[in-house]
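Engineer: Chain by chain, the residues run as shown.
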Amino acid sequence: MSADKRYSIETSQLNLWYADFQALINVSVKIVDGLITGLIGPSGCGKTTLLRCFNRVNERYGNVTTIGEVQILGKNIYDSDVSLPELRKNVGMVFQRPNPLPISVYENIIFGLRIHSEQRRRKKSQTDEIVEAALREVFLWDDLKDQLKVKATTLQLEQQQKLCIARLLPLKPRVILMDEPCSTLDAKGTRAVEELMLELAGHYTILIVTHNMAQARRVSDECIFMLLGEIVEHTRTEDLFLMPKSTKTADYIEGRYG
Amino acid sequence: MKTIANVFHQLERWLEPVIEGIIRLCGISAIIFVFGIFFFVFREGMGFFFGGLDIVEFLTSPDWYPTSLNNKRYGVLALIAGTFSVTALAMVIAVPFGLGAAIFVSEFCGPKLKETLKIVIELLAAIPSVVWGFIGLTVMNALIIELFTVPIGLTMLNGGIILALMSVPIIVSIGEDALKAVPDSYREAAEALGATRWQVIYRVLLPTAKNGLLAAVLLGVGRAVGETMAVLMTTGHAVKIPTSPFDSVRTLTATIAAELGEAAVGSDHYRVLFIIGVLLFSITFIVNFVTDLVIKGIREKA
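Just so you know, the sequences run in chain order A and B. Every letter in the first sequence is one number past the one before it in the numbering used here, and letter 32, counting from 1, is 32. Every letter in the second sequence is one number past the one before it in the numbering used here, and letter 101, counting from 1, is 101.
Hints are not guaranteed to be accurate.
[Said to hold, decoys possible] Here are the simulated lysine-lysine pairs, DSS-like style, with alpha carbons at most 30 angstroms apart:
no.	chain 1	residue 1	chain 2	residue 2
1	B	LYS180	A	LYS149
2	B	LYS296	A	LYS151
3	A	LYS124	A	LYS172
[Stated by the list, open to error] Derived list of chain A stretches under chain B, where covered just means 3 residues or more per stretch with a C-beta under 8 angstroms from a C-beta of chain B:
no.	stretch
4	54-65
5	85-94
6	102-112
7	160-173
If you are wondering where the hints come from, they were derived from the structure by calculation, not from laboratory data. Quick reminder that beta carbons are idealized off the backbone N, C-alpha and C, glycines included.
All chains should be built: construct the whole structure from the sequences, respecting the hints.
Structural biologist: Okay, here's the thing in structure tokens:
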């Protein structure tokens with residue numbers, strides 16, 4: 001691996017508690033810019049918690065304590081002067097269950113822009129272009145171009161999840177966090193979303209939490225294996241699956257626990 | 001053993017339709033009661049409604065002199081104006097206050113404060129209306145005279161404030177239910193896109209919960225229109241179309257309550273009070289009906 005790799009996320013000594021329970025222990029990782037990094041590990045190992053640290057959406061639950069540093073694009077996001085809206089504009093998130101807002105497809109995509117620049121009036125033609133570009137980027141334009149006024153919550157799940165990805169794009173995020181984005185989709189939907197991820201990689205740094213090891217192998221360039229709140233191994237995906245350094249990793253990927 | 005089981009079986013077969021009938025009756029009893037009440041109220045007023053009452057004058061004249069010796073006039077326009085003005089004033093105060101409180105309870109306060117607030121708000125709803133009237137008669141009256149240097153404090157303003165305080169608990173608890181029903185995933189989605197708390201509220205929560213919030217407001221209106229004792233005690237009870245919040249007014253409900261005891265049973269005065277009852281009934285019916293239409297309209301559009 002070359003030495004001049006750029007990192008979009010760097011954590012050092014990150015610890016996190018839910019009340020008294022420590023969910024992350026001394027996590028220090030570097031996520032390479034523009035790659036897809038998979039986060040794998042058994043249920044409750046802290047992978048989703050780690051993911052949710054990166055846009056600070058963990059803090060929605062009141063009893064969370066976070067100690068340590070998370071540098072995203074060269075700035076510690078736990079500094080007191082960080083603006084959460086600005087952070088979340090740069091770090092988008094896709095959730096386990098597709099969660100489009102109960103408004104039209106069009107408004108869902110433009111929602112991010114609306115909340116980030118309240119005053120500025122946009123021309124209709126301009127927003128039309130933005131919506132089309134975002135939908136094209138996630139391969140939804142042909143399916144939905146005649147349904148832009150349809151309420152997004154009535155779409156098929158696969159379309160909803162792609163829409164949830166599309167609505168991040170007008171904000172031009174640098175990082176996209178995905179929390180088991182395919183777990184509610186069928187095989188066809190999963191494949192479509194995976195293809196989309198591969199298409200988006202390069203333009204965005206993508207971090208994906210998954211339970212599905214085959215998926216991690218298919219889509220990720222690097223992989224992080226976590227266990228009980230700690231990082232066990234972080235390396236290229238081929239290496240992790242073919243020659244894991246830790247016996248814990250080997251046991252997990254061979255299905256001895258999960 | 002077998003015969004006992006048989007008997008039970010027989011009994012069950014015989015009981016089932018009976019129980020079903022009783023449950024059915026419970027289900028449709030609401031309809032029976034509504035029509036029953038309408039029928040009996042209307043029956044009392046019918047004699048005058050069809051024999052002698054000038055409907056146009058009844059609805060358009062502000063002259064209410066039911067006990068005049070030589071020139072009885074039954075115009076309820078001033079009473080309608082009283083009811084509407086007090087209700088409108090109450091809603092101007094109660095809607096922002098109630099919805100604000102609902103948003104605070106549902107979105108901003110911690111679990112402990114939330115529990116406390118909900119209990120206190122329910123307590124507020126349980127205060128009897130005569131006690132509210134008493135507060136209006138003494139505390140508010142003095143306060144209004146003092147603050148605005150007006151000769152009397154028993155005014156539309158007084159009644160409106162008291163009615164607002166009585167409607168707020170309903171608006172808060174129904175409104176909070178409506179906000180609570182919005183899936184948390186919507187809030188999370190908006191927050192993860194970088195929405196501030198306020199943006200989440202007015203761009204996501206309010207539009208999503210608008211039906212429930214509208215229902216909350218209209219239940220508040222219903223309470224204000226129908227309230228009797230508190231407005232009787234606080235509005236000054238003067239038949240007059242108000243021109244300012246410092247005018248005394250009289251409402252439809254208060255008129256019935258105050259005069260029914262004095263009117264001779266079967267007299268025109270007695271009957272016209274029942275017609276006012278029908279009028280009140282119609283107003284609330286229209287409010288409810290319009291609400292249904294509005295909510296349905298919103299639903300179809302959405």
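Engineer: What are the numbers of the hints the structure violates, in ascending order?
Structural biologist: none
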